[in-house]
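Make a model of the complete structure from these sequences and hints.
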Amino acid sequence: WAKGHYTEGAELVDQVLDVVRREAEGCDCLQGFQITHSLGGGTGAGMGTLLISKIREEFPDRMMATFSVVPSPKVSDTVVEPYNATLSVHQLVENSDAT
1 WAKGHYTEGA ELVDQVLDVV RREAEGCDCL QGFQITHSLG GGTGAGMGTL LISKIREEFP
61 DRMMATFSVV PSPKVSDTVV EPYNATLSVH QLVENSDAT
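In case it helps, UniProt numbering puts the sequence shown at residues 1 to 99.
Heads up, a few of these hints could be off.
Quick list of in silico lysine to aspartate or glutamate cross-link-like pairs, EDC-like style, CA-CA up to 20 Å [stated by the list, open to error]:
#1 K74 - E23
#2 K3 - D97
#3 K54 - D18
#4 K54 - E94
#5 K54 - D77
#6 K54 - E8
#7 K54 - E11
#8 K3 - D14
#9 K54 - D97
#10 K54 - E25
Simulated restraints on C-beta separations [as the list claims (entries may be wrong)]:
#11 R21 - D77: 21 to 27 Å
#12 S76 - T7: 40 to 46 Å
#13 V19 - V93: 22 to 28 Å
#14 S72 - V20: 25 to 31 Å
#15 P60 - L12: 40 to 46 Å
#16 Q34 - S72: 21 to 27 Å
#17 D77 - A24: 34 to 40 Å
#18 S72 - L30: 16 to 22 Å
#19 R22 - D61: 18 to 24 Å
Hints are computed from structural coordinates only; laboratory data are not their basis. All figures in this text were calculated on a predicted structure; none of them were measured in a lab. Where is the CB? At the ideal position from N, CA and C, for every residue including glycine.
Written out as structure tokens, the structure reads:
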């Protein structure tokens, strides 16, 4: 989660945000954003929550809805998945309207 949110994801988030900005400029009536991501890994959890917070800063008056895949202890392949999910949920509560 930390790599996706603070290091590797932080290096890429501005490029991704530029793409989001260009797509938003092409909309006639932008109502909000829908994000689908996983909470178990570093990309969907760490970088995903970073991207959501950046979109929230740039478009504070637009709806943010997230559809999150939560890890299951029965099929978990990584020991840190519960930590990634816990850190992500805190960010989602702060930055999304519906999750």
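Outcome of the hint check:
no.	hint	verdict
1	K74 - E23	violated, 39 Å
2	K3 - D97	violated, 25 Å
3	K54 - D18	holds, 11 Å
4	K54 - E94	holds, 12 Å
5	K54 - D77	violated, 29 Å
6	K54 - E8	holds, 15 Å
7	K54 - E11	holds, 13 Å
8	K3 - D14	holds, 15 Å
9	K54 - D97	holds, 14 Å
10	K54 - E25	holds, 16 Å
11	R21 - D77: 21 to 27 Å	violated, 35 Å
12	S76 - T7: 40 to 46 Å	violated, 24 Å
13	V19 - V93: 22 to 28 Å	holds, 26 Å
14	S72 - V20: 25 to 31 Å	holds, 30 Å
15	P60 - L12: 40 to 46 Å	violated, 22 Å
16	Q34 - S72: 21 to 27 Å	holds, 23 Å
17	D77 - A24: 34 to 40 Å	holds, 35 Å
18	S72 - L30: 16 to 22 Å	violated, 35 Å
19	R22 - D61: 18 to 24 Å	holds, 19 Å
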